[in-house]
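Participant: Sequence:
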Amino acid sequence: MKTIFKDEVFDRVDNETADLRVKSQGWKFVPKSEWKKNVRDVEKAARAEAEKARSEAKAEKAAKKNSK
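Counting from 1 along the sequence shown, just add 7 to a position and that's the residue number in this note's numbering.
Since the hints were made in silico from the structure, they are not lab data.
No experiment lies behind these values; they were computed from the predicted model shown.
We put the beta carbon where it would ideally sit given N, CA and C, even for glycine.
No false leads were slipped in.
The calculated label-pair distances, taken between Cβ atoms and stated as ranges, are:
1. 29 with 70: 52 to 58 Å
2. 43 with 73: 39 to 45 Å
3. 60 with 30: 40 to 46 Å
4. 14 with 53: 18 to 24 Å
All chains, please: the whole structure from these sequences, using the hints.
Facilitator: Spelled out as structure tokens, the structure:
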């Protein structure tokens, strides 16, 4: 697996695809850490934020139910 980058897009692809894209389509090799920082960790943060919102909504609903 290789990490490549072009036009603000990071992609993790197999070695053959990466070589083809770099040689003929203008992609550049970048360290995997760049993909982790700009793609994977961003997606994790978004999922964590959504999960937090769901749990807060559940807690709020339970509090309303218990106050009746």
